[in-house]
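Engineer: Listed below are the residues making up each chain.
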Amino acid sequence: MLIKFTGGKVYDPANGIDGQVRDIYVRDGRVVTPAASDRVHQEFNLSGKVVMAGGIDPHSHIGGGKVTIARMMLPEDHRGHEVARGDLTRSGCGYAVPSTLTAGYRYAEMGYTAAFEPAMLPVNARQAHMEMADTPMIDKGAYVMLGSDDYFLRLLAKGGHKEQIKDYIAWSMHAAQALAVKVVNPGGISAFKFNQRKLDLDEKHSFYGVTPRDIILTLGRSLQELGVPHPIHIHGCNLGVPGNKETTVSTIRAAEGTPIHLTHIQFHSYGTEGDMKFSSGAAEIAELINQHKNVSIDIGQILFGQTCTASGDSMRQYGNTKSAHPKKWVVMDIECDAGCGVVPMKYRDKSFVNALQWAIGLEMFLLVNDPWRIFLTTDHPNGAPFTTYPHLIRLLMDKTFRNEMLRRIHPGAQAASILGSITREYTLYEIAIMTRAGPAKSLGLKDRGHLGAGACADITVYEDNPDREVMFTTPAFVFKNGEMIVRNGKIVKVVTGDTHVVRPEYDRKHVEKPLKEYFESYHTVQMENFRLSDEEITAPGCGHAPGTCGCLVVHPTGART
Amino acid sequence: MSASQAGAPAAPASAEQTHVHVTCPFCGLRCDDLEIARTGQALRVTRNGCDKAKAGFERPLTAALPRVAGRTVPLGEAIAAAAALIKAAKLPAYGGLATDVDGMRAIMSIADKSRGVVDHAFSEAQGRNIKVLQTSGYFMTTMTEARNRADLFIIASDVHTFHPRFFERVVCNEKSMFSETPPKRTIVFLGEGYDTSAAVGTRIGDVVTLNCPINRIGEVVSALRMLKKGAPLPADVIAGVAKAQIEDLLARCHKAEYGVVVWVPPGLDFPNADLTVHQICEFVKDLNVTQRFAGLSLGGNEGASTAASVCAWQSGYPLRVSFETGAPHYDPELYAIPQLIASKQTDCLVWLSSFTADLSPPATDIPTVVLGSHDLKLAKEPDVFIPVGTPGIDHRGQLVRCDSVVSLPLRDLGRSANLARTVDVLAAIEAAL
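Note that the protein sequences, when read in sequence, are chains A and B.
Going by my numbering, the first residue of the first sequence is number 30, and it counts up by one from there.
Going by my numbering, the first residue of the second sequence is number 55, and it counts up by one from there.
Hints may be right or wrong, so weigh each one.
As the list claims (entries may be wrong) - In the DSBU-like style, the derived pairs of lysine-lysine whose C-alpha atoms are separated by at most 30 Å in a straight line are: (1) K351/A - K233/A; (2) K356/A - K283/B; (3) K351/A - K282/B.
Treat the hints as calculated values from the structure; they're not laboratory data.
Owing to the predicted nature of the structure, the values given are computational and were not obtained by experimental measurement.
Model the full structure from these sequences, guided by the hints.
Structural biologist: As structure tokens, then:
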């Protein structure tokens, strides 16, 4: 069946289309270039409407133990935010930490067709995939967390095990069914278990003797040599600590040109100037990012209100417990492998620190000049729930609105920020890069995030409303694999998205022989059960037809070098 | 890899088949190093099983068939009868919930559709931790972390009785990641009447027992907290424990590189036991200001941690949850099934117990549907009984471990092809609603 989307203003940056009126054709879930003689079976007149690929969120905590701890801990987050069962949809609830089903529906209703869990602990991978499987409508995948796990650290400490480390990284990606690799407070989660309370870029781990710099470089180069599309996804040292911009600057320089992705950089861009010893480092870091083409970032914008922070960074989250609101929190040491910290947080516009954090995020958005290397995130739910994206987009696209909001925040923070002097307004083309084309390219999802021939027909259609918040809140239509799933912001069909993984090449026998012995000696799970099989994350009898079940899409990697 | 996994042709009924790396579904520890031999329908634990595992795996398969009002019927008829009872009910109550992840997913789906209540048989015990989580939170660790790192264990429940391999796997292990010659461990039993027999071996150093009634553990921990803060104790003996012993324990805590307090929520079975858990968790927080310490909560038998986790990610809330209004509502007191039965608020009980023979439905006169293991003990014939397979024996599955972090795959040991999967039965009932 050939479907024609007629006459919309298309924003498809991957193919250089910037608001030109184009027709798009879809057959069997893919964008196609039809022959002149092909008959159109269904047509949508999109005249005057804005057409983009479905939104892609490259960093959103949607699945895994820490999110479920947050859900359990915060019934007050859910009360008043219940969603009743509909004709098509299941019930659920939640504002900052919604239930999985509700999260899937809300993403789709907002025009997003994919979201990626950035912090999947290897030992928690099975549960992360269970939760993602219960997140309907959207495609998903996850980044496996390495860098504080004993096996990696001991290999690194021994030195000279370059190929073995690469094999282990690749094995971990296969075992956890991952799309990318993330490092969180490199080595710091482990160091905290040895009672170290901070670990700077060049500070040695007291037991292994390695530094975060060693860890980042090893992971970054290994992933590059394994041909994994997404560079090492770095949650750096010293998250949230005033003065941490120096660490961020040093981390960028430490990469020595190796591709790196610095995540939720807003939380890592703080200076110590002023009476409050807290200032913006955004201008300096943005300038450095503009110069270093090997670096991409996402922001982790904060927006005011109640939310919950959930992170693998047990060391820094323990430090943040003093700001918990309400006053309760969970921190965990996990399996000599990782950790987690769940700390509820209320960001207030009348708090100097929170207000400046808000301004720092926006400064960073507006001062980094290449939208292909900056992705729109709130680090859901850490900075704010993902449902605030339309508001955030308006802040970026509408200077007048932004300045109005700026006038409401703590006056000291207004004075400490250069935000009011920045005149840049994002264009729809740039928004389409930041929320679609850029993340897809960075993650190696070749057939997502664009509308060229061969692309998966995940398409979002918006009314061209000058109030961009309204526009991005309620799309006119959302199509997943060419099927209409949302109309006027409401779900009209429930579908199950794909799970995206990459599988770099490695020598399984070589890596599993010592690993098996290691697991048997030290762990409480056998290696054979640590690995997550395809059968566990696909529906039985799945023919791997995209969109019909929670099936796997394996994206290609480059050749191993 | 087991023969069945390798896709080997079905063995003749008499041949013995060995399965390795088998996960045991019979307690919350989820030991996954078992070897099981199957001959026909008979299973034998040949390596690493405890008494609970042996009792669970080795009980003979009885010929159970679906029944309606005690009469053997085809499965389809039992499903139709179950659906009719649920459909007629004003507030169906889904209890027991001893099942795997897929089974729990199916329960959530049908409870949502039929506007029912979900409540695990062990919600009360689990709720002791959840209450603390929701009021103040905690600092926790997991089994591998404790196994390798801890040099002090404070055992605040009768752990060995609930989890017979805990000491073997987490406390008495000879190897540690962090030393070729790991130091001896101090074991402190806090509470009286525990089975302490497992605290033996080359790793075990001092074994200390502080004999206090279990329901007064909280007082001893509170005294530890007071001493730590430099406050005077109100008496020389607290809950039967001399002040000197409490001071000695505090000194041991301060000396520890990594101390772990272990408790089993079902073992703290007395009124307001959440306050004991709270004291323990706050003491652990106090210590973490300058040193490293963590809690380790066990329990999770009969799929309790799986049920709470799945319920929390799908509905937003841990157990107990009602879908009566069409949206999830959480109330750990109001939606307790025993309370709903006693107050006649529920008019249909759907009981799911697929692991042991012992997790029987409560006695009640309201219409009852039981999805049970083949040999589930029933005090009274339910209106509908549907035998279901045991996850990890009769079909594949997944279970969440007691720490709610690690989950394990369950293997199909190929015992019976006749026992239906819970998820299929519930999906069929839901479709018939």
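Engineer: Now, for every hint given, state plainly whether the structure supports it.
Structural biologist: We went through each hint and held it up to the structure:
{"no.": "1", "hint": "K351/A - K233/A", "verdict": "26 Å, holds"}
{"no.": "2", "hint": "K356/A - K283/B", "verdict": "21 Å, holds"}
{"no.": "3", "hint": "K351/A - K282/B", "verdict": "20 Å, holds"}
Checked against the numbered hints above, the structure violates none of them.
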